[in-house]
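Since the structure of chain Y is provided, determine the placement of chain C on it from the hints.
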Amino acid sequence: MSTFSNLLQRSFLEVPEKISIVLQNAGRADTPINYRQLILGANRYARSLAREEIKAGEVVLLILQHGEDLAFSFFGAVLHGAIPAIMPFLTEKLSPEKYRADLAALISITKPTAIITSPEFEDEARSALMPGGSVRKVILTNKIEPEAIPDFNSLNGMKASPEDIVLLQHSSGTTGLQKGVALSHRAVLNQLEAYSKAIHLDPKKDVIVSWLPLYHDMGLIACFLLPVLMRVTLVEMSPFDWVRAPYRLLQSVSQYKGTLTWLPNFAFNFCANKIRERNLEGVDLSSWRAIINCSEPVHAESHQLFAEKFSAFGLRPQALQTCYAMAENVFAVTQSRLDQSPIVDEIDREVFMTQRLATPPVTGRPAMKMMSSGHSLANMKIRIVDENGQDLPERVVGEIKMQSDCMLTEYYNRADASAAAIKNGWYLTGDYGYTANGELYVSGRKKDMIIVGGKNIYPQDLEALASEVRGVHPGRTVAFGMYDEEAGTEEVVIITEADSEEPSEHELIADAIRKHVTKSSAIALRHVKVVGEKWIVKTSSGKTARSANKEKFIRELES
Amino acid sequence: MTENITPALAKFIAEKILKQANKVIKPDEALISSGLIDSFSLMDLALFVEDTFHVRIEDTELNAQSFDNLNQLSELIAFRR
Numbered sequence: 001m002s003t004f005s006n007l008l009q010r011s012f013l014e015v016p017e018k019i020s021i022v023l024q025n026a027g028r029a030d031t032p033i034n035y036r037q038l039i040l041g042a043n044r045y046a047r048s049l050a051r052e053e054i055k056a057g058e059v060v061l062l063i064l065q066h067g068e069d070l071a072f073s074f075f076g077a078v079l080h081g082a083i084p085a086i087m088p089f090l091t092e093k094l095s096p097e098k099y100r101a102d103l104a105a106l107i108s109i110t111k112p113t114a115i116i117t118s119p120e121f122e123d124e125a126r127s128a129l130m131p132g133g134s135v136r137k138v139i140l141t142n143k144i145e146p147e148a149i150p151d152f153n154s155l156n157g158m159k160a161s162p163e164d165i166v167l168l169q170h171s172s173g174t175t176g177l178q179k180g181v182a183l184s185h186r187a188v189l190n191q192l193e194a195y196s197k198a199i200h201l202d203p204k205k206d207v208i209v210s211w212l213p214l215y216h217d218m219g220l221i222a223c224f225l226l227p228v229l230m231r232v233t234l235v236e237m238s239p240f241d242w243v244r245a246p247y248r249l250l251q252s253v254s255q256y257k258g259t260l261t262w263l264p265n266f267a268f269n270f271c272a273n274k275i276r277e278r279n280l281e282g283v284d285l286s287s288w289r290a291i292i293n294c295s296e297p298v299h300a301e302s303h304q305l306f307a308e309k310f311s312a313f314g315l316r317p318q319a320l321q322t323c324y325a326m327a328e329n330v331f332a333v334t335q336s337r338l339d340q341s342p343i344v345d346e347i348d349r350e351v352f353m354t355q356r357l358a359t360p361p362v363t364g365r366p367a368m369k370m371m372s373s374g375h376s377l378a379n380m381k382i383r384i385v386d387e388n389g390q391d392l393p394e395r396v397v398g399e400i401k402m403q404s405d406c407m408l409t410e411y412y413n414r415a416d417a418s419a420a421a422i423k424n425g426w427y428l429t430g431d432y433g434y435t436a437n438g439e440l441y442v443s444g445r446k447k448d449m450i451i452v453g454g455k456n457i458y459p460q461d462l463e464a465l466a467s468e469v470r471g472v473h474p475g476r477t478v479a480f481g482m483y484d485e486e487a488g489t490e491e492v493v494i495i496t497e498a499d500s501e502e503p504s505e506h507e508l509i510a511d512a513i514r515k516h517v518t519k520s521s522a523i524a525l526r527h528v529k530v531v532g533e534k535w536i537v538k539t540s541s542g543k544t545a546r547s548a549n550k551e552k553f554i555r556e557l558e559s
Numbered sequence: 001m002t003e004n005i006t007p008a009l010a011k012f013i014a015e016k017i018l019k020q021a022n023k024v025i026k027p028d029e030a031l032i033s034s035g036l037i038d039s040f041s042l043m044d045l046a047l048f049v050e051d052t053f054h055v056r057i058e059d060t061e062l063n064a065q066s067f068d069n070l071n072q073l074s075e076l077i078a079f080r081r
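Heads up: the sequence lines are chains Y and C, in that order. Read in order, the letters of the first sequence are residues 1 to 559 in this note's numbering. Read in order, the letters of the second sequence are residues 1 to 81 in this note's numbering.
Don't read these hints as lab results, they were simulated from the structure. Bear in mind the structure is a predicted one, so any value in this text is a computation, not a measurement. Keep in mind that the hints are not guaranteed to be accurate.
[Unchecked claim] Interface residues of chain Y toward chain C, partial, derived using beta-carbon atoms under 8 Å:
| id | residue |
| --- | --- |
| 1 | G27 |
| 2 | A245 |
| 3 | F270 |
| 4 | K274 |
| 5 | R514 |
| 6 | K515 |
| 7 | T518 |
| 8 | A524 |
| 9 | R526 |
| 10 | H527 |
[To be verified] Here are the simulated distance ranges between beta carbons:
| id | chain 1 | residue 1 | chain 2 | residue 2 | range |
| --- | --- | --- | --- | --- | --- |
| 11 | Y | A312 | C | E50 | 17 to 23 Å |
| 12 | C | L47 | Y | Q390 | 49 to 55 Å |
| 13 | C | N63 | Y | Q460 | 27 to 33 Å |
| 14 | Y | E485 | C | R56 | 27 to 33 Å |
| 15 | Y | P360 | C | S66 | 50 to 56 Å |
| 16 | C | D51 | Y | D284 | 24 to 30 Å |
| 17 | C | R56 | Y | S154 | 53 to 59 Å |
Yeah, the Cβ is synthetic: ideal placement off N, Cα and C, and Gly gets one too.
Just chain Y, same shape as in the assembly (with noise of 0.2 Å):
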């Protein structure tokens, strides 16, 4: 078994020449980035980890936009042999206060060592440092060891073992941001070979076109471990270039040939309805063998409505493909055969909602599509479940459960989260879902999050925040998400009971939790609907109800 150091070394000395990474600004030239360049950027922050006496195993958190310091310091730290965990980088409509707060609540429980920061952001980063905490170091992009070719003998990493902890990875906000993903380079690269056979990987024709961000297990894994790792080129664009311009990723398709790309279903949808055909003159997309809708629920709509605006452009209907993945199985836990495109299981809409079945559609009733995510990576086995743990048939909707060579090793330093979610070798995702001739359908979660644009938001985040807003009333604020079709993704609904009953209050009241929520969140909030007292339904227990204050909002959007 390998470790990442070892081929890191490997293509280092075998195709040194070969681009690893073309690194995409709008409005500069790409920068290419070969192995050799990729790796002795990276001996420059080994060292520089070296030169501040960081110590192998200890954690580094990285805090870089896109660019080339981010894939050099995370590789830098992997041959130091310590630990890299890829934050967000703060953005201007996010709060400075509610950042440090995030940051000092991460840096308590996951205990790095050092950041690694650009010296813009040097004072934020030590502003969230408390006297007396585990950050030693906040070393920064301008104060970098010079070239150096590395002296692999000498490199901590390179005496890593196989089961050693390699990176951690974080879901955003308060909740997602302390608990860590804690993978191994074993779990990572039994993760890379399964997916490389199911995805056909070949190394001499891929390219993979993506604007994701690394601080994300789809743009971490697939987007960026993956092609360079396995020696697949990657051509990597800003996500603040991309959501400007989404056009941008079909002209970088067209331009570098590429094969394979992983998006958001939103995504799907935000680049059928907002590109414009004068951005696409001269794009030729018939080389891209593989779009992968993944890490929220995909919807065939969304396919068919992407199909539909750029076949005219080469695409191949059937390049269209979706998976099923989550960070604590490193990435996918199924793929659908590339070869096709995915199943799509017409189901009669009743029987489902009411008696969790998925059947075949009556004639004169209403139906509804589920659009399948494959099935099952050589390496893992799915089981769907009741809330006894029995086994359920096919087709009897259940929670999914599952078991593969790569599952996190734990979530870092939380003996109690990784307890509550690992039972007897088997990992309950938390989604429901039902198979059928070994294709799994994954139709709803268990756990109340919320997922925007990929993106995983638990509300109990959010309902914190809006509760701090002047005239709510404390603990009486729900938030949920609802699925948009137009958006092909779910929108953010806050309802929060206020001590007045006077309208124009509420108005107040409404924007105030806008404001705050979004500054103090990053996620702008579609509908905030203040009401009087009495309004959100409480479980008897006094909990709130997430799902029956949904269906009563619904039931008042549509009277």
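The following block gives chain C in isolation, referenced to the frame of chain Y:
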């Protein structure tokens, strides 16, 4: 120059982006830096401006440095018309 631009922008933002038709948006109220309009909706705003006023806003201009409130956006549109 901007008298009929500002109300049209305000109406679009309140109805289509914030889905609060009655919301009054002040001409100097921060839109982007405050997070009121997220990056996904910025595209919608740019497309609306292009279709309504026949003025193009480049994607590299979709940030708070180029415009952050109705006054600034109206001026930018009026200047380019």
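So, going through the hints one by one against the coordinates:
| no. | hint | in the structure |
| --- | --- | --- |
| 1 | G27 | 6 Å, holds |
| 2 | A245 | 4 Å, holds |
| 3 | F270 | 7 Å, holds |
| 4 | K274 | 5 Å, holds |
| 5 | R514 | 7 Å, holds |
| 6 | K515 | 6 Å, holds |
| 7 | T518 | 4 Å, holds |
| 8 | A524 | 3 Å, holds |
| 9 | R526 | 6 Å, holds |
| 10 | H527 | 6 Å, holds |
| 11 | Y:A312 x C:E50: 17 to 23 Å | 21 Å, holds |
| 12 | C:L47 x Y:Q390: 49 to 55 Å | 52 Å, holds |
| 13 | C:N63 x Y:Q460: 27 to 33 Å | 32 Å, holds |
| 14 | Y:E485 x C:R56: 27 to 33 Å | 29 Å, holds |
| 15 | Y:P360 x C:S66: 50 to 56 Å | 54 Å, holds |
| 16 | C:D51 x Y:D284: 24 to 30 Å | 28 Å, holds |
| 17 | C:R56 x Y:S154: 53 to 59 Å | 56 Å, holds |
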